[in-house]
Amino acid sequence: MTVQDGASLEAQDLTRVYRRGSEEIRALDGVSLQIKHGEFVAFMGPSGSGKTTLVNLLGCLDNPSSGKLTLAGRNIFGNGKPLGERQLTRIRREIFGYIFQNFYLIPTLTVRENVALPLAFYRKPGVEGEVERLLGMLGMAHRMNHLPAQISGGEMQRVAIARALVNRPEILLADEPTGNLDTKRSGEIGEVLQDLNQNAGLTIIMVTHNPGLGRLAGRLIEMRDGRAYENQ
Amino acid sequence: MISKFQIASKNLLRKKSRTFLTLAGIMLSSWVLVSLLGFNRGYETALNRDIDNMGYQIMVMAKGCPYEAATMMLQGGAGLRYIEQSVMDSIAKKPEVDQVTPILMQAFFDPNKGDGGGIAGYYGVDVATYPGMKPFLRFHQGGWFHEATAAEAVMGYEAAELEQRQVGDMILVPEKNVQLKVVGILERSGTQDDGTIFVPLKTLQKISGIDKITTIGIKVKKDADITKLEAALYQLPDLQVVSFSQVKQTIMKLITTARIMVLSIAIIALLIAMVGVVNTILMSVLERKQEIGILKTMGAMPWDIFCLVWTETLLLCACGGTAGIGLAFVFARLSDILVRRILPYAPGGNLVAIDMRLSLLTLAIIVTVGLASGIYPAWKAGRVRPLESIRSDV
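Chains as they are written, first to last, in this note's numbering: chain C, 213 to 444; chain A, 4 to 397.
With the rest of the complex left out, here is chain A:
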């Protein structure tokens, strides 16, 4: 015997190219929609993870542009001005503070980097306190610095890979003609640490001839009032405070406009696909008007015909939606690369996070919108009167 579902699915095979084009439209909409929803979630998760992996919740630096400073900090650039180390000692005494660590960021021009030279950035960290801020530091090779003044370097995974370095290799600090021995290579963390070259703070201060620091990283005690500490830090002269919740908000604000625009495009794409569905199903109903009339002479009620046509819509949307989600899974990496190119700041890790729950949510959206689109053609089909369809044949 044959079911209504089989009748509906075989009906879709009548005009294969039309069905295929409609499916392609739904598939593309589904792909865009699931990728964007995945991006919305993935970006925020990646940003949170990046910030959590910093190990400290607040940064203090000399006054300047906070956006630039935050971006430089995240991307390993140089600070704008310098801070006396004594400032760090006074901050460390505050009751909310668990730990502080001094950081000096320096950049030197390397004529051998790329075509026509480039900037080589170094991150001077305190050998004793920095690992305490980053308990999750894992080494791919080697280990941490042997002493606070050692001429040594620890490289991030990608920095080492890019320069083809291994533990024991010597690297040359450009401009200064100082050699550093690579003592450790970090495991890939998916954060900015991957591209960073760490040097003991005192060593970098000696190389650069600067006995100050650019940044103070502050780890706040568990359950301490972070807002109260921020307010106290704002009172310090010539310093600016960047809390990572602010950084996160600022970055999220920067991408919100782009996100709204892209989401609007996705909604428009979805609506266009649904207009395609209405068109396909309506055309199919009009072409089969006589046949629908004959089905009614056989005993099909208006609701039966409505369900039959609605099932066709459901099949189109479910198949197109599933194929689109499949494509989104397959090309998630490509979406990731494209998104990274257009964003002002992209955190490490996967920017487009698509999982089963999100896939099902997208499929539910596509099917719901599709079924809503199918109501009119299905209602029209249900209203076909057998006599009129037979007459139109005469």
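The following block holds chain C by itself, in its conformation from the complex:
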């Protein structure tokens, strides 16, 4: 499966309802949107507005309660029938790379080993030498044999980005990528993401509270009460 045909990830009336006892929480309320290949989209909004829920659905980390998600013309969630963990994993490893607020680097593995970690489970053809190339591109070549405890927070997020990109994903999902970083480091990570989008043509979908980071994205979508609002 590929989205490099131009288009895309398309959500139609995506809804996600959680139940807490007898209470029904509508985290996402009929969101429809289209993200084209090569776009850099940022979702902003207050806590509980549904931005992470939406990104989780777009990134095939969760099944919607209703609605449709089309990836490269293929209806991912079928006719409302939830996909199993194996099927979601197959889609995820083909299409997506993920970075999170917490970097989740394995403390006993070196920087190089952390970046190579996804290749232990799945390896796309032609990714040989990708670990070294990415670490070089992200300015981490000199830290390859260091352990995570020996590098800074900004460097850890760079390693996490390299790890997310090692299998050459088509879409990078970033959930609060600078949430644990100071302003300077946040700016650096923002520049890395912008560079990946503009020069490598990577599609990036990002959730952030940071307005400065949001402004780097070519498209800004605001989330409120489970709905998406976009300024044209």
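Hint data in this document are derived by calculation from the structure and do not stem from the laboratory. Cβ coordinates follow ideal geometry from the N, Cα and C atoms, glycine included.
Computed cross-link-like contacts, DSS-like style, restricted to lysine-lysine with a CA-CA straight-line distance of at most 27 Å:
hint, chain 1, residue 1, chain 2, residue 2
1, A, K18, A, K383
2, A, K231, A, K137
3, C, K336, A, K7
4, C, K336, A, K292
5, A, K224, A, K137
6, A, K383, C, K293
7, C, K336, A, K13
One side of the interface only, derived from the structure: several residues of chain C facing chain A at Cβ under 7 Å:
hint, residue
8, L321
9, P330
10, L331
The hints should help you fit chain A onto chain C, whose structure is shown.
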């Protein structure tokens, strides 16, 4: 690049003390298990060898307690009653009998032995027929008796070593004030012969003033029906028959209860170690729940995660098991000494026989039980959903 094996092995290094304690538990279980399995085999082999080295398959002695008589015979003590030599002649005529040899066991009080004195045992053997029963007798020094009535002694290796005797030395028979010349010292055989002082039968009869014997050793013809001979011997009045297959069975019965108990302890130790493995791996899985979720976002399938956690279990069990087997090898002699202290009768030679085949069998048991213990934590890890692990972080 990095393999799943490397990831698993490095995961174990995160909590070093916990991993070390779990390893120690497995190592101890493995040590106990391999030592016990080695003992089970070693004891039986040593007992068989002791009995085979006796040279005769059946002993006939005056009626009394057969267990005591057998133990005394094996340990070189004195018999309870005496048998006329003519009985031996009638036994020798039986068609199944290849050879017979008369034996007289005597013990004298030696006031110079140990603190407050002790018993010195002598084993009177027929100079002509006894060596025929023991074709494997080898001499460390000197040789066999010169004549049937010689005032000579042949000492077992340990008896000579204990008394610091050499060929040519004179030994004094306590109570009787008779001197015997040491003409031979046997090579170490790992049997009770090592601690025995042999004297010509006629000489010992003369010293003790007894013209009878305590025991008749019977060597059965090859392919003869030993059961039929035993049945015939049982008909002889006032005699008891001890066949070494019976002795072996009796001794094995005596130790079976102890063996079952110790084996149960080993199994309990193994189970406790395995509970430790489950605990360690389960704790590790729970602590790494988010990380496992992230591995799944990277493309790891549930089976990949299962294998990763299972590999950790395998590594723990294989390393702990191997270390335990190594310890068992190193401390086999110590186990031997401990086992000898608690057994009613311990044959010569190595009681704990550990070899490569037994080591591999033990390792296979440890790894199999360990892998079974790892199924639940590995299954639980495989079921972690990435979204739940990410949410639990928020």
